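In order, the protein sequences belong to chains A and B.
Here the working numbering is used: the first residue of the first sequence is 1, the next is one more, and so on.
Here the working numbering is used: the first residue of the second sequence is 1, the next is one more, and so on.
Among the hints, a few may not be true.
To be verified - Examples of chain A residues toward chain B, derived with CB under 10 Å:
#1 P34
#2 N68
#3 M69
#4 G187
#5 Q218
#6 V220
#7 T292
#8 L379
#9 R539
#10 S557
What the hints assert, rightly or not - SDA-like cross-link-like pairs, simulated, lysine to any residue; straight-line CA separation at most 20 Å:
#11 K528(B) with E264(A)
#12 K560(B) with Q218(A)
#13 K528(A) with K560(B)
Hints listed in this document are in silico derivations from the structure and should not be mistaken for laboratory results.
All values derive from a computational prediction rather than experimental measurement.
No residue lacks a Cβ here, since even glycine has one placed at the ideal position from N, Cα and C.
Protein chains: 2
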Amino acid sequence: MMPPALPSRLENFVRAEFEDTCRRRFFFGLAFDPYGGAAGLYDMGPPLCAMKANLLAHWRQHFVLAENMCEVDTTCLTPEEVFKASGHVTRFNDVMVRDTVTGECIRADKLLEEYCEAQLREAPAGARADADAEQRRQELLTLRNAAAGMTPAEIQAAVARHGVASPKGHPLSEPFPFNLMFATSIGPEGDRVGFLRPELAQGIILNFKRLLDSGNAQRVPFAAACIGAAFRNEIAPRAALLRVREFTLAEIEHFVNPDDKRHERFAAVRDTEFWAWSRELQAANAEPVRMTVGDAVAGGVIDNETLGYFIARTAHFLAAVGVRLVRFRQHQRNEMAHYAQDCWDAELLTSYGWVECVGIADRSAYDLTQHSAASKKDLFAREEFAEPRSERQLQRRLQKGAIGKAFGRNAGEVMAYLTAAPEADCVELGERLAAAGGAEITTASGFTATLRPEMVQFEHKTVKVTGRNYIPSVIEPSFGVGRILYALLEQSYWVRRDESAKNEKRAVFSLPPVIAPQKVAVLPLLVKPELTTAVEAIRAEMVLRGLSTRTDDSGASIGKKYARVDELGIPFCVTCDFEADGCVTLRERDSARQVRVPRAEVADVVAALSRPLQPREWRSVEAEFPAQAAAAAAA
Amino acid sequence: MMPPALPSRLENFVRAEFEDTCRRRFFFGLAFDPYGGAAGLYDMGPPLCAMKANLLAHWRQHFVLAENMCEVDTTCLTPEEVFKASGHVTRFNDVMVRDTVTGECIRADKLLEEYCEAQLREAPAGARADADAEQRRQELLTLRNAAAGMTPAEIQAAVARHGVASPKGHPLSEPFPFNLMFATSIGPEGDRVGFLRPELAQGIILNFKRLLDSGNAQRVPFAAACIGAAFRNEIAPRAALLRVREFTLAEIEHFVNPDDKRHERFAAVRDTEFWAWSRELQAANAEPVRMTVGDAVAGGVIDNETLGYFIARTAHFLAAVGVRLVRFRQHQRNEMAHYAQDCWDAELLTSYGWVECVGIADRSAYDLTQHSAASKKDLFAREEFAEPRSERQLQRRLQKGAIGKAFGRNAGEVMAYLTAAPEADCVELGERLAAAGGAEITTASGFTATLRPEMVQFEHKTVKVTGRNYIPSVIEPSFGVGRILYALLEQSYWVRRDESAKNEKRAVFSLPPVIAPQKVAVLPLLVKPELTTAVEAIRAEMVLRGLSTRTDDSGASIGKKYARVDELGIPFCVTCDFEADGCVTLRERDSARQVRVPRAEVADVVAALSRPLQPREWRSVEAEFPAQAAAAAAA
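Sequences are here, hints too, so could you generate the full structure?
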């Protein structure tokens with residue numbers, strides 16, 4: 001059966017009501033609330049904080065534990081040299097403009113996008129448009145789609161051509177790059193620049209060699225994982241948890257031989273279906289299509305098996321935590337970092353549109369190569385050949401004595417030059433020495449040396465080699481934890497009309513047990529000491545099984561208490577009453593259906609329903625236990 | 001039976017061997033290793049990272065879940081005004097001196113302590129000492145013990161008196177305070193100062209009102225918890241994970257009525273025994289004594305029940321994760337923050353001495369009071385009286401018309417003055433108005449107003465009040481996660497002489513299953529395809545039960561593989577062999593004893609042994625299953 005097409009917006013979603021529920025029950029809120037909050041900084045309240053802990057626990061189970069990854073815990077504070085080598089100091093920028101009158105800072109790409117959107121809304125389209133108007137419409141569409149990747153000069157040209165002004169109507173400054181990293185000073189001397197990491201990758205990748213050498217990873221390919229905070233000084237934080245200045249990432253860096261990106265467990269995910277929006281489909285203005293990961297890799301839509309493997313495992317993970325609406329969008333070639341091989345974003349549907357929540361990128365060998373060069377440390381993996389191979393290699397015979405005598409204190413750099421010079425240069429130098437009896441070279445520091453044939457000889461020889469050193473490629477799935485949680489909240493939110501309470505609107509979060517903030521609420525039907533004691537006893541049994549619980553001993557009606565539990569996304573409720581049958585009522589959130597379960601069994605039943613892996617299904621509970629009488633249910 | 005006295009040092013502990021094991025198996029290491037590391041910044045490798053996740057999961061179970069706390073997730077980045085109000089901007093300092101020749105930055109208290117230690121080592125003691133020498137010895141002891149709490153002026157005096165020089169023998173600069181917070185700039189304008197939090201407390205405490213109002217906490221007393229990173233720009237990082245610049249804290253802020261610090265579950269912990277080192281014992285130079293929490297609270301050694309409750313719960317937690325050597329040291333009165341009521345540190349024994357790993361402080365109502373004043377927001381809790389009470393209250397009747405007419409644009413501040421003035425001032429003002437027909441007041445901004453009797457009247461009335469607003473006290477247990485983990489590593493480390501391998505020294509970490517990096521290693525006896533398949537099948541069964549596993553398919557002997565597993569602290573090993581009995585070998589780490597368990601049962605047995613709460617004991621497994629033949633065990 002053909003699956004339905006992906007929707008383009010969340011149905012029946014009223015953001016104001018959703019936000020009111022989130023604020024009222026403190027899922028999240030601006031940090032430092034009594035001081036009026038701080039832009040782009042959010043606190044998670046108890047429900048979302050518990051969901052986050054559950055999401056990360058499941059992430060560890062699904063990736064680190066099941067895939068035998070090496071998890072590391074690395075620091076946020078990072079010395080400048082690391083981000084110089086990785087390119088972040090020069091390139092981790094957004095383009096900014098200032099309002100020349102108010103001094104307000106504005107993110108240039110967003111300003112252009114909003115300008116285009118506003119113009120497009122006003123411009124006539126379709127039959128009413130003449131040729132000039134249609135041409136302008138196309139130009140605006142192109143500008144809108146290109147804005148995110150434009151250089152300051154291109155933005156300057158677009159601003160001039162369209163006469164774009166600031167939101168207040170004032171002239172704009174020239175566009176300039178604004179680095180998004182937070183800087184600080186490390187140590188008491190005050191002279192050592194550090195940054196807060198804007199991603200986890202560098203800290204993980206710099207542990208590559210240590211993981212390999214310590215036996216934590218036994219061989220390449222292997223994956224390292226890390227969960228932690230990252231920081232970006234966003235010019236314009238917005239959209240609640242979607243664009244913030246401090247956030248949690250869960251990243252994997254899978255180290256693999258660049259010549260062999262097969263994955264040993266690929267067969268297990270070959271048949272996984274996903275919504276694929278390849279760069280070809282995007283270019284043709286076509287919608288995402290449903291395909292299997294196996295077909296996508298075989299057809300060259302996804303670059304390699306390992307990338308495909310992680311796309312499939314990410315799809316499984318998102319489904320398990322309750323995400324319903326997800327598509328995988330491939331980056332355009334000009335959108336990727338220059339070194340990236342292929343990159344796919346898992347985009348989740350929210351009321352703000354499709355939002356990138358997971359990035360799965362083949363970063364090639366770029367980072368390790370850069371750090372190896374900057375730190376002058378060997379960051380290679382070793383591949384032993386099945387059988388020794390014959391290779392023709394250039395032998396460089398440096399005569400230290402002659403070089404030392406001729407160049408004195410510069411001898412060291414002359415020898416470094418001769419050791420490191422590319423093979424072709426050496427061959428050419430050898431020829432010059434043979435032909436002219438001498439040749440000039442210039443070292444890195446600018447020293448010019450006249451070499452003579454007795455100082456160095458080059459010769460090609462055939463040698464047996466048993467293996468080779470190589471810098472691994474890195475395939476990186478990076479999960480934006482706050483974004484996934486926010487999208488999950490929106491996608492699981494709906495409103496129930498409560499017939500027993502004047503059709504009152506009651507918010508429900510349909511979260512799966514694995515991610516729900518608590519697994520079960522244990523409630524007294526009435527606030528009486530005997531029932532409070534029973535509630536405490538059941539609660540203790542739940543805690544012993546590692547089940548998080550909630551109680552509510554307020555004087556509210558049981559219907560009101562159920563509504564409070566539903567709007568926290570808690571999947572099950574146990575209600576203690578005075579019935580003599582030794583049973584309690586067990587209620588399921590989404591169906592609001594209730595069964596009677598013996599008090600001695602209820603903790604085990606809830607534990608089975610809430611088990612992270614292969615949980616028991618509610619319908620099997622309904623099949624085993626009698627339904628609660630309708631009259632009692634409406635109490 | 002009297003428990004043995006606490007040891008003063010770890011027995012048979014060779015730090016160099018311990019550090020070698022930690023480095024070789026990558027428990028932790030300096031961050032940014034290829035760049036030579038960054039002082040005070042450490043990465044945790046896979047074993048310690050897994051231990052950290054396990055420790056925090058158990059902390060959540062033991063505190064957040066079992067005690068129904070409200071966990072929040074707050075940000076590291078903090079705007080300046082928060083730390084101005086809390087006093088950190090002016091007071092979160094260490095005193096620093098500089099070497100006037102090299103410019104080196106030195107922490108003054110540590111320099112004085114080391115100076116005293118060195119002098120004491122050289123000074124004659126006991127019978128050999130004359131009266132002068134003994135007096136000097138006492139002076140050095142006093143200085144050493146007082147150094148940590150001294151002001152810059154006191155340090156300056158001590159440096160002058162003793163002629164203390166820098167470690168290089170050079171003169172020292174004047175001592176000056178050095179703020180330990182990392183500063184940065186938030187937002188694109190570059191004018192908003194922010195700090196990285198040096199503790200979690202302020203972020204949690206600022207959520208007090210939101211937690212109370214959102215129904216996450218139903219009433220005071222309640223506790224909020226938070227786990228996250230904190231940052232201190234230590235002048236001299238040292239002692240591995242014990243004094244670092246970035247670290248994880250797990251903090252609880254328990255909000256309680258300052259007039260009633262009883263705890264409703266205190267009876268459950270009354271009999272908990274702990275090593276108490278009260279300030280009286282310290283002053284008398286006496287050793288810690290073993291006592292119950294109940295006796296300590298009853299005898300006034302611990303200030304109140306809630307503080308005692310958390311000391312007991314902390315002792316339970318530390319014991320559960322495997323800490324053996326812990327004492328609770330009470331702060332001296334002059335050592336506490338000026339607002340603190342009482343404070344106890346859980347100190348864990350390490351090779352660096354007793355180290356503060358958990359601080360349990362009664363912070364009184366200080367933080368909420370400060371933030372309420374600075375943010376001008378009501379941060380009260382409300383106490384409803386059981387019955388309304390009669391109270392005499394001062395009524396202030398302000399005649400707005402008359403005040404407005406007389407003082408024009410200053411009328412607002414005159415009214416603010418009259419509304420906020422202390423009761424005694426109002427009474428006195430009323431008397432002056434009655435006596436003289438007029439009286440002068442001066443407002444906060446310096447405006448002087450001459451009041452007349454028709455403008456304001458004061459009168460005492462008896463009114464019924466149904467409750468009162470109050471700012472709660474905060475009792476804070478704060479756990480240094482990295483320090484606890486480091487102390488736990490040291491305390492659980494020992495060396496086994498392997499008789500079957502030439503008495504080779506083999507490191508063992510005796511970690512309890514709840515905290516061990518993996519619960520079980522699944523090993524093939526030999527590297528053969530059939531056994532590898534069996535290993536994978538058992539591993540999958542373990543993963544399904546949420547058990548973390550490790551495999552080792554290298555060609556090493558099984559004895560060598562056991563040694564590798566022991567030095568990772570993994571408590572159980574399952575070894576697959578070719579025996580036809582359908583059994584596998586299950587080995588326990590500390591005893592190295594082995595039993596034969598049916599393959600179909602082994603995952604459940606390991607799950608029971610590793611259960612976080614009430615785990616099965618090894619001896620019951622030995623009682624149920626036959627021992628492995630000695631011959632096979634030595635294979």
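Hint check against the structure, violated hint numbers in rising order: Result: hints 6, 7, 10, 13 break, sorted rising.
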